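Asker: Residue-level listing of the chains:
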Amino acid sequence: MPEGLSTPPAVEPVASATGPSSVNASSDKDESTPIKLALLALKGGPLFMLLFMVIFLWFGTDHHLFWSFGNIGNVLEQSAGVCVIAMGQLLVILTRGIDLSIGSNVSLACVVCTVVFKHSHSPLLSIGVTLLIGLLLGLINGLLLVKGRLPHPFIATLATLSIAAGAALIIAHGSTQLGAPWIVDKLGGGRISQIPGHGPVGWFPFAAVVVIVFAIVCWVILRKLVWGRWIYAVGGSPEAAVRTGLPVNKVLISVYVMSGLSGAIGGMLFVGTANAGSPFTGVGMELNAIAAVIIGGGSFLGGRGRVINALTGALIIGVLHNGLNLVGVNPNWQQIATGIVIVLAVELDVIRAYVENRFRNLQARIT
Amino acid sequence: MTAETIVATPVLAVSGATKLFGAVVALDGVDLEVHAGEVLALLGDNGAGKSTLIKCISGVHKLDKGEIRIDGAPVHISSAISAREFGIETVYQDLALFDNLNPTANFFAGREVAGPAWLPRGLQWLNQRGMTTRTRELLDRLQVRLPDFEADVALMSGGQRQAVAVARAVAFSSKVVILDEPTAALGLRESARVLELVLRLKENGVAVILISHSMDQVLSVADRAMVMRRGRKIGEALANHENQEQLVSWIVGARGDVAI
Chain U
1 MPEGLSTPPA VEPVASATGP SSVNASSDKD ESTPIKLALL ALKGGPLFML LFMVIFLWFG
61 TDHHLFWSFG NIGNVLEQSA GVCVIAMGQL LVILTRGIDL SIGSNVSLAC VVCTVVFKHS
121 HSPLLSIGVT LLIGLLLGLI NGLLLVKGRL PHPFIATLAT LSIAAGAALI IAHGSTQLGA
181 PWIVDKLGGG RISQIPGHGP VGWFPFAAVV VIVFAIVCWV ILRKLVWGRW IYAVGGSPEA
241 AVRTGLPVNK VLISVYVMSG LSGAIGGMLF VGTANAGSPF TGVGMELNAI AAVIIGGGSF
301 LGGRGRVINA LTGALIIGVL HNGLNLVGVN PNWQQIATGI VIVLAVELDV IRAYVENRFR
361 NLQARIT
Chain A
1001 MTAETIVATP VLAVSGATKL FGAVVALDGV DLEVHAGEVL ALLGDNGAGK STLIKCISGV
1061 HKLDKGEIRI DGAPVHISSA ISAREFGIET VYQDLALFDN LNPTANFFAG REVAGPAWLP
1121 RGLQWLNQRG MTTRTRELLD RLQVRLPDFE ADVALMSGGQ RQAVAVARAV AFSSKVVILD
1181 EPTAALGLRE SARVLELVLR LKENGVAVIL ISHSMDQVLS VADRAMVMRR GRKIGEALAN
1241 HENQEQLVSW IVGARGDVAI
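Chains as they are written, first to last, in our numbering: chain U, 1 to 367; chain A, 1001 to 1260.
Treat the hints with caution; some may be incorrect.
[As the list claims (entries may be wrong)] Below, computed lysine-lysine pairings styled on DSS-like, alpha-carbon distance capped at 30 Å:
| id | chain 1 | residue 1 | chain 2 | residue 2 |
| --- | --- | --- | --- | --- |
| 1 | U | LYS224 | U | LYS118 |
| 2 | U | LYS147 | A | LYS1175 |
| 3 | U | LYS118 | U | LYS147 |
| 4 | A | LYS1062 | U | LYS250 |
| 5 | A | LYS1175 | A | LYS1062 |
| 6 | U | LYS43 | U | LYS147 |
[Unchecked claim] So these bits of chain U aren't anywhere near chain A, every CB distance computed over 12 Å:
| id | residue |
| --- | --- |
| 7 | PHE52 |
| 8 | LEU132 |
| 9 | HIS173 |
| 10 | GLY189 |
| 11 | VAL234 |
Please keep in mind that the hints were generated in silico from the structure rather than gathered at the bench. These numbers were taken from a predicted model, which means no experiment stands behind them. Don't be surprised by glycine CBs; every beta carbon is placed ideally from N, CA and C.
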């Protein structure tokens, strides 16, 4: 009897709390719809930004010069390397990390690819060694972070930034090495002639195909495989990841390995474009890769970011530089413009966080 | 009901639990029993040893002395993962959810349904549809309603998040669910919903250990209440209004039946 008496007061408020919520649900949906739409628009923010820039340049350049086959092909080819390393950087940033060594990694890949080819004349050996070196550099980054217990990936990759840059200079004897394996030359600098447009030479760069293939690989990893689920989980809450027994260390090492690999691929694209490898190609390029991820809505707090948006971020940087050239702006202004775009993109992200918070409060009211 | 029958073996039985931190005796020969479909409230002031006891059961700490039995068989709980393998799930105060993932991904974090089996775990292809279906079934069974099933947990209110965390704890046929102040951060109405969920766990035959500072909550959902003080169990009673004064006096440490 006493037990019977003690339960009703608990059930009563519950019943009154659940009752109206199910009734209200339909009418409150209307209230949350505009917020949901705003969130969706903000999620596509980088894409809209790119679209706006393209339309602006289309009409803003003489004879619509920007939107010619030749120019679009150039933009895509010049952006390809940064696109690839931006996706590698995305994987790292998703886990709350950062890979500063990616620029030096690109330089190293450039000279390794050309020097090995010069001495062996074997395209496969040259490509294989370059990929292996990129992978090893990534592995070292990961191991330094996880096993070496360096306090932050910033430090580990700052060290390897310096080491790789020095190694590139030593291997190349401080100067540009000419000549590239034909596969690299084709993929980095070739145009597909089958796609109609810019005469018999073709306009669509093979490099863009490499970017698309790498993007699909990254997308599959992040969205379709257990691996990607773990990457998002580790970035979202490292503590919860440990508690749920995820292999946190392996996940961390894996993203740096992927980033290292992206550096090697990106470097070879640059070699193909120039038909030469310079130990200075990647200087400062880590900042472009990071900027691309951030412009694409990736968060340094981890667990947030998408392949398509990182790609968009890299293209925004490429289009920006190309567009400013076309409209005749002093090249020195380009860096300032990049900075302004970063601020704009991050402000969009701040607005998104605000809207999400509004949404959450609304949820608490209707349930 | 079944919980009251003396012959039934408790799902979880701890006997003589002792834990020392250096010279400090955090637990001193504590016994605890909880049956299937029963809610046991664990009461006590701060520093009474509740959290230490819970952490020993859920594998965070190891007992220095004492025995843990599950369904009557003695077990050795070496880690949080091994506790989960024995069917003991703990919902911590700070939730331990992945904010950037949706409920389904949270439910299956670390035990994703994926294949084929011959591939290394990380390279296995996620069976999203299967996981979503199972999550939906479970939330339906527990009558947890979420306005947007695919939304990230970050977009949910405190109560919805707590509901997801509690539901995750019972998602994998666990026998014992430990709730550490599940309503601490919630408003009145959302607290009520979480308590309602606790009652539903009980209906589903799960043994629940509930840590709470709210006597009202304890009286409304718990069957029994056990009071700890300075690392010892000092009393146990049915959780009803007749025993309220007794429980309070145990918590504050007053002797006899003097109430405050």
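Asker: Are the hints correct? Go through all of them and say.
Answerer: Structure-based check of all given hints:
no.: 1; hint: U:LYS224 - U:LYS118; result: violated, 40 Å
no.: 2; hint: U:LYS147 - A:LYS1175; result: violated, 37 Å
no.: 3; hint: U:LYS118 - U:LYS147; result: violated, 37 Å
no.: 4; hint: A:LYS1062 - U:LYS250; result: holds, 27 Å
no.: 5; hint: A:LYS1175 - A:LYS1062; result: holds, 20 Å
no.: 6; hint: U:LYS43 - U:LYS147; result: violated, 36 Å
no.: 7; hint: PHE52; result: holds, 27 Å
no.: 8; hint: LEU132; result: holds, 20 Å
no.: 9; hint: HIS173; result: holds, 41 Å
no.: 10; hint: GLY189; result: holds, 33 Å
no.: 11; hint: VAL234; result: violated, 9 Å
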